[in-house]
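Keeping their order, the protein sequence lines are chains A and B. Take the first sequence: its letters are residues 1 to 282, numbered as in the working numbering. Take the second sequence: its letters are residues 1 to 282, numbered as in the working numbering.
Certain hints may be false.
Which copy is meant is left open, so a pair is good if it fits within one copy or across any two.
[What the hints assert, rightly or not] Keeping only pairs whose Cα atoms sit at most 30 angstroms apart, straight-line, the calculated DSS-like set for lysine-lysine is:
1. K256 to K213
2. K109 to K256
3. K175 to K255
4. K255 to K213
5. K175 to K205
FYI, nobody ran anything at the bench for these hints, they're computed from the structure. These figures come from a predicted structure and were not determined experimentally.
There are 2 protein chains.
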Amino acid sequence: MKALVDLIKQKDTCVCVGLDPVIDSFPDEIRCSAQSVEEKLVTFSQGIVESVAPHAVAIKPQIAFFEQYGLGGLRALKEIGSIIRDAGLFLVMDAKRGDIGSTAEAYAKAFFSREGDFFSDALTVNGYLGSDGIFPFYEAARNTQGGVFVLVKTSNPSSSQLQDLRVEGQPVYEKMVEVLDYVEQPDEFNTLGAVAGATHPAELKKLRKRMPKRMFLIPGYGAQGGMASDLQGAFGEDGCRAIVNSSRGILYAYKKSHLPWKEASRAAALEMKEAINAVRYK
Amino acid sequence: MKALVDLIKQKDTCVCVGLDPVIDSFPDEIRCSAQSVEEKLVTFSQGIVESVAPHAVAIKPQIAFFEQYGLGGLRALKEIGSIIRDAGLFLVMDAKRGDIGSTAEAYAKAFFSREGDFFSDALTVNGYLGSDGIFPFYEAARNTQGGVFVLVKTSNPSSSQLQDLRVEGQPVYEKMVEVLDYVEQPDEFNTLGAVAGATHPAELKKLRKRMPKRMFLIPGYGAQGGMASDLQGAFGEDGCRAIVNSSRGILYAYKKSHLPWKEASRAAALEMKEAINAVRYK
């Protein structure tokens, strides 16, 4: 994921905006318009991408929020993918896919074929099935200079039920890091990255020590409770080895602002960028 | 999943046919036809559903194989869903979804809304995120009398890397069973079932003892190496608490047969049904 590190350096921001569209939460001018579901999704997402582009490095569409609207939602996702790439932003498809053999290859084809409808720069992957469930994604991503973010320690409260169980003195989530290292040796730049939640600051710091160079995708910032101060020590020596995601806090910033919706989202992205840049090198 | 148990009793079969369509493997009459990708997928899948309907209880479309063909593949999947339900078969969507909170709810909406494009009787779910990642699926499935199959012990070789790690003398996959029990208490009929591979017969038997009544989805039969004799003790006291999946062995049976493709698939499903029925009550 050298391209992502370069983009972070160039734009001086680690902000990733999660695209979790819920039409009922859209501003009235879109929600109440005569547009189709598909058009509403595209109009809103395009507005968000344009608003946050100066302050964000990546956009992370959460595919569930498109799937819930059926085929119309997925047609919108295809169009939004082009909008994200045209804006020069890194597209992380948050699909948490995970399967083996030919099935994993089929998923990898869906997300890492340049001519495909859902071409992405990076994909989130669930590694519960072991290295067989990661390898096909890794290979496909490497071929397109893309990336794969494997769930290591997630941001939700019940992540502890499985991920924190101790095996020979180590939590299961550190065993997941061993699976990553088994698929791809750590290097200056890697194809495999890790998902590690902002809501677990101590674990995040520990994971950075364990993986000095791998890219982290850090969810849980903002609405889920994670703050910039929780991210100290998460960005690696060059301060560029993580992207931090906020979804609702940026998408629906207009609800807590006197600004029009696009300006409210832009202001929220700027505020997040500055808060994070203040801790990136600490 | 009482409806599935009833259907197994009524049809006297535990066969589940995995729909993993790969156009390059289709019979020439479809592969070389002038049909679009979408039409080819529908024609082949419809032929399979009609062929195996007398001997199968469930069809399991693997969504990756549709996603790899982009929007056309997903349009085909919608149409195939109707075909499966019209044939009176139980539709297990193999999507291995797993996420939390509002995202899991969005996925649940995608697969458990009767008016949705991808309405399914049951869904496979990856529980690495803990109970937060299972609960929204459980609730949505319960509302439609559907089911959720949570990955417990998968059929692939590297499943041991994480799932077999020992925590306080127990493997991680048994800890996953505790998460299931935490979301839904075991009962005579449950909404939550378990995925447990045919390629691990000893673990399968152990898991049945641990979960006497829950429905099992057992992958790994046939092409992946699992045999009927590996399934002894997997079906519970009434012999109706598991469905066994074969994909390639049935879809592409014509390649190892002198019969036309549909007849070859029907014969393969019949053979599988009989082999499994011979061990269901052992």
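Here is how each hint holds up against the structure:
1. K256 to K213: neither (37 angstroms within a copy, 49 angstroms between copies)
2. K109 to K256: between (41 angstroms within a copy, 28 angstroms between copies)
3. K175 to K255: neither (41 angstroms within a copy, 41 angstroms between copies)
4. K255 to K213: Answer is neither: 38 angstroms inside a copy and 48 angstroms across each miss the 30 angstroms cutoff.
5. K175 to K205: Result: close both inside a copy and across copies, 16 angstroms intra and 26 angstroms inter.
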